[in-house]
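Colleague: Each chain is listed here by its residues.
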Amino acid sequence: MSEPTDVGCGVRRIVHRVAAGDIERGGAASSEVTAELRALGVPAAAARRAGIVAFEGEMNLIVYSTDGGTITVEVTPDAIDLTFEDDGPGIEDVELAMTPGYSTAPEWATDLGFGAGMGLINMRKNSDRFEIDSRPGEGTIVRCRIFRGRS
Amino acid sequence: MKLREIVERLELIVVSDGGDPEARVVGGHCGDLLSHVLASARPGELWITVQRHVNVAAVAQVAGLAGVVLADGVRPDDALVSKASADGVAVYASPAPAFELAGRLHRLLAAEGR
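Chains as they are written, first to last, in numbering that gives the first Met the number 0: chain P, 0 to 150; chain Y, 0 to 113.
Incorrect hints may have been included.
Okay, the calculated bits of chain P under chain Y, using three or more residues with CB under 8 Å as the criterion [as the list claims (entries may be wrong)]:
hint	segment
1	102-113
2	118-130
3	135-146
Heads up, simulated SDA-like pairs for lysine to any residue below, C-alpha to C-alpha not over 25 Å straight-line [to be verified]:
hint	chain 1	residue 1	chain 2	residue 2
4	P	Lys124	Y	Met0
5	P	Lys124	Y	Pro42
6	P	Lys124	Y	Arg41
Just some of the chain P residues that point at chain Y, by a computed CB distance under 8 Å [what the hints assert, rightly or not]:
hint	residue
7	Glu23
8	Gly26
9	Thr33
The set of hints was computed from the structure by calculation and includes no laboratory data. Please read these numbers as outputs of a predicted model, since none were measured by experiment. In this text, a Cβ means the ideal position worked out from N, Cα and C, and glycines have one as well.
Hey, can you work out the whole structure from these sequences and the hints?
Modeller: Dropping the structure here:
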């Protein structure tokens, strides 16, 4: 994890690197995000939503990405922006991936209780704004915004 | 009912003594699919599961759950014990199956009108 940096205009930025397949470190980034947001005085309901978004995004990077990726958290006076980026493999059919219950998780992941086909849906449900941009062979970016004052 | 009282009444074995024993448990949630728990469990609920790995602690923490009960004699991975202790997540274990634990918890909470 990088130390939180002040990037101006009251914006704090924290970048977490997540390794592919590193299930034993799974949940580390999202736990840290939750703790950081509480320390920064983010209201409990918004911190909880951000924690859930961070966990689901972190698990997507661990289970599905080719070479891992990054979670960037920016805390502004009004909102929390979480951005998840990886370099592949990309999602062939984003609409299908957003279908409840659809999953391509490998068996090792489903044995551990992942791959319910709810990860991206949980991210969207807990975000006030949600965008996903994915290109097969290039990678995926998921952007989630959570307004601090909403529960 | 307070977490401490539930631990006594259900005869739970303490795995990680985190959380707030005086916190009021508002309900229970049974499940082993992590995303389903994140989608459905409410803050302050006690989570009954047979998942034993490290990510259980993170789910309980981000979802603001009262604690985790490992059912059916499941023993936690060492990494789960370490992370739960470090992050202050209460984790318990019981030889009883999830169905029985949920039934007993439900009776305790129903008796106080929850």
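Colleague: So, for every hint listed, does it hold in this structure?
Modeller: Here's how the hints hold up against the structure:
1. Against chain Y, the segment 102-113 of chain P contributes 3 residues with a C-beta closer than 8 Å to a partner C-beta. That satisfies the three-residue criterion, and the hint holds.
2. With 4 residues carrying a beta carbon less than 8 Å from a beta carbon of chain Y, the segment 118-130 of chain P meets the three-residue requirement, and the given coverage holds.
3. For a cut-off of 8 Å, the count of residues in the segment 135-146 of chain P with a CB near a CB of chain Y stands at 0, and the three-residue condition is violated.
4. Under the criterion of a C-alpha separation no larger than 25 Å, the hint pairing Lys124(P) with Met0(Y) is inconsistent with the structure, at around 30 Å.
5. Taking the CA atoms of Lys124(P) and Pro42(Y), the gap is near 16 Å; set against the 25 Å cutoff, the hint holds.
6. In summary, the hint linking Lys124(P) to Arg41(Y) is supported, as the alpha carbons are separated by about 15 Å, within the 25 Å threshold.
7. The interface hint given for Glu23(P) is met, as the beta carbon of that residue sits about 6 Å from the closest beta carbon of chain Y, less than 8 Å.
8. This hint holds: Gly26(P) has a C-beta 2 Å from the nearest C-beta of chain Y, less than the 8 Å allowed.
9. Satisfaction of the interface hint for Thr33(P) is found here, the shortest Cβ-Cβ separation to chain Y being roughly 5 Å, below the 8 Å cut-off.
In the structure shown, a violation is registered for the earlier hints numbered 3 and 4, in ascending order.
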